[in-house]
Amino acid sequence: MSAYEPQLLDDWHVLERDPVSTVRITQGWLERGEQFVMRVPSVVCHADSNLVLNTRHRAMQKVRVVENEPFAMDFRFSDGPCLMRCFSRQVSNRPDE
Numbered sequence: 002m003s004a005y006e007p008q009l010l011d012d013w014h015v016l017e018r019d020p021v022s023t024v025r026i027t028q029g030w031l032e033r034g035e036q037f038v039m040r041v042p043s044v045v046c047h048a049d050s051n052l053v054l055n056t057r058h059r060a061m062q063k064v065r066v067v068e069n070e071p072f073a074m075d076f077r078f079s080d081g082p083c084l085m086r087c088f089s090r091q092v093s094n095r096p097d098e
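If you use my numbering, the sequence shown corresponds to residues 2 to 98, in order.
Errors might be hidden in some of the hints.
What the hints assert, rightly or not - Distance windows between CB atoms, simulated:
| # | residue 1 | residue 2 | range |
| --- | --- | --- | --- |
| 1 | E68 | V45 | 19 to 27 Å |
| 2 | E68 | L10 | 33 to 41 Å |
| 3 | E68 | V15 | 28 to 36 Å |
| 4 | V67 | A4 | 17 to 25 Å |
| 5 | K63 | E32 | 29 to 37 Å |
| 6 | L52 | D19 | 31 to 39 Å |
| 7 | N69 | V21 | 32 to 40 Å |
| 8 | S22 | P71 | 31 to 39 Å |
Calculated directly from the structure, the hints in this document are not laboratory data.
We treat Cβ as the ideally placed atom computed from N, Cα and C, and that holds for glycine.
Generate coordinates for the entire structure from the input sequences, incorporating the hints supplied.
Here is the structure:
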């Protein structure tokens, strides 16, 4: 299964607001329902990617959390305190797992 990789405009990484372009891209992707996974660059580390799952897609019913581990945010990279608790999850959509 291949992931949808949208063409993003120059404002995709602006942290102070939700860029209109990325909202429109995401809404269109969700509404079309053709791809289960969208790959987007990480705002935190541009060399990494995030995989976004379309919860409306029929493949979502096969997804199972197979491992849940804490994610430690390095606050030296932020401008102020962060009250968010982040988690990294590994998921599988294979029926045998």
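Going through the hints against the structure:
no.	hint	verdict
1	E68 x V45: 19 to 27 Å	holds, 21 Å
2	E68 x L10: 33 to 41 Å	holds, 35 Å
3	E68 x V15: 28 to 36 Å	holds, 32 Å
4	V67 x A4: 17 to 25 Å	holds, 19 Å
5	K63 x E32: 29 to 37 Å	violated, 21 Å
6	L52 x D19: 31 to 39 Å	violated, 19 Å
7	N69 x V21: 32 to 40 Å	holds, 34 Å
8	S22 x P71: 31 to 39 Å	holds, 33 Å
Checked against the numbered hints above, the structure violates hints 5 and 6; every other hint is satisfied.
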